[in-house]
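Asker: The chain contents come next:
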Amino acid sequence: MRRTIRSLAIAAVLGAAAAVPLGAAVLAAGEAATPATITIDNFTFNPKGLTVKTGTTITWSNKDDIPHGIASTNNAFKKSKALDTDDSFSFTLTAPGTYQYFCYLHPQMTGTIVVEADAGGGAGH
Amino acid sequence: MSEFDQRDGLSRRRVLECMTWAGTGVLWTVAGGVPHSLGLIDRAVAQEARGFTFLQISDSHVGFDKPANPNALGTLEEAVARINAMPTKPSFMIHTGDISHLSKAAEFDNADRIIGQARLDVHYVPGEHDFLDEERKLYGERYGRGTKGAGWYSFDANGVHFIGLVNVVDLKAGGLGNLGSDQLEWLEDDLKGRSASTPIVVFAHIPLWTVYPEWGWGTEDGARALEYLKKFGSVTVLNGHIHQVMQKVEGNVTFHTARSTAFPQPAPGTAPSPGPMKVADDELRALLGTASITFQPSKERLAIIDSPLQG
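Chains as they are written, first to last, in the working numbering: chain R, 6 to 130; chain E, 35 to 345.
A portion of the hints provided could be inaccurate.
What the hints assert, rightly or not - Within a straight-line C-alpha distance of at most 27 Å, the following computed DSS-like cross-link-like pairs (lysine-lysine) qualify:
#	chain 1	residue 1	chain 2	residue 2
1	R	Lys-58	R	Lys-84
2	E	Lys-264	R	Lys-68
3	R	Lys-83	R	Lys-53
4	R	Lys-84	E	Lys-123
5	R	Lys-53	E	Lys-282
6	R	Lys-83	E	Lys-138
7	E	Lys-206	R	Lys-68
8	R	Lys-68	E	Lys-138
9	R	Lys-84	E	Lys-100
10	E	Lys-100	E	Lys-123
11	R	Lys-86	E	Lys-182
No wet-lab data here; the hints were simulated from the structure.
Keep in mind it's a predicted model, so treat the numbers as computed, not measured.
One chain only, chain R, in its complex shape (with noise of 0.2 Å):
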């Protein structure tokens, strides 16, 4: 499970560099946003509220020695399986909103999400 999350992650980021050369232009029309990551640390989200542009990949990794899964406070996305120590689950937000979740193990550790819509309108919905 982690190897598969891992190598989406990685796909995310290759596509996200391989936009590059194409042309500021076509970043502009928002192909492929830079993907974020979210550290666990602590039993805390860092960083706790994260602003991103629509379709952005978000990475969270564990790096506590305790088990955390994320769940979405209202199930706008499907929630990870449970993440033991490093490792990690990724979610592409393609629509834009504010997406508030939290640890379903610890639930009171929560975190937000504002998704912006891209300024060029391309790639919103």
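Add chain E to chain R, keeping to what the hints say.
Answerer: Coordinates of chain E only, in the frame set by chain R:
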């Protein structure tokens, strides 16, 4: 420890002192309707508890292998060996959850194999670590027979009414442990018509009382459950989850949390997070353990003995 446990109205300071001894298991004695923790298992045994005794084991986290204890299965085995060495065999065991670390079949298998060596009936309630398999079915298949909902139930033994509750399911963002209205309705119904003189023992994974909400150590709707228990003269609430001994007495209700057999966690607010606490190798076993509880009909409370694996 027993001296500590047998006193009412503990100051917060004494409770905090007590916490630092947290470790292995709690032996419970039901005396005159109120359970007493007898303190360390060895001391409990020395008291030759009269009456009926049961044992609490908690947070075995089989599968945990991080620096705080690379061999959680080994320390569980040590705890069971200590149980087997008790001169008076407890009537049964309760396990207050987090049997496994990641809800893997092999973890449950290993836990069952070791715990089974105590040759005691075990009454389980789940911890949040026991519901992590994708289909969330392994716990129910193994331990859920005859239970309601996510695994709650009650039974009677030696005149004491035991209630196993589940407060680790459907946790809400920003919240604490959660019983939910279905379970609370069942509880109200389960208690209806019972004589107020019936000693009650409630056990669940996350503390039913608010220990430290900043770390999620409490149960959102625990107060509702306690409301239903108000009329009873002797109520003992046994929990795990926080991997250390804490006790509080409030009116007729004694709250007690047991040590883990796997790894210690810090006292509330003394570390950046409640994660596994790494201590020196020669200190670990003083912080792990079980508890033994004895019920003596002539006394007013159950006697609880918390026993570390060592010390």
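Asker: Could you run down the list of hints and mark each one as holding or not?
Answerer: Do the hints match the structure? See the list:
1. Lys-58/R with Lys-84/R: Answer holds: Lys-58/R to Lys-84/R is near 21 Å, not above 27 Å.
2. Lys-264/E with Lys-68/R: Distance ~43 Å between Lys-264/E and Lys-68/R Cα, so the pair is violated.
3. Lys-83/R with Lys-53/R: Distance ~19 Å between Lys-83/R and Lys-53/R Cα, so the pair holds.
4. Lys-84/R with Lys-123/E: 44 Å, violated
5. Lys-53/R with Lys-282/E: Violated. Lys-53/R to Lys-282/E sits at ~34 Å, over the 27 Å cutoff.
6. Lys-83/R with Lys-138/E: 21 Å, holds
7. Lys-206/E with Lys-68/R: Distance of about 23 Å is within 27 Å: holds.
8. Lys-68/R with Lys-138/E: Measuring from Cα to Cα gives roughly 21 Å; hence the hint holds.
9. Lys-84/R with Lys-100/E: 25 Å, holds
10. Lys-100/E with Lys-123/E: 33 Å, violated
11. Lys-86/R with Lys-182/E: Satisfied, since the Cα-Cα distance of roughly 25 Å is no more than 27 Å.
Hints 2, 4, 5 and 10, counting from the list given before, are not met by this structure.
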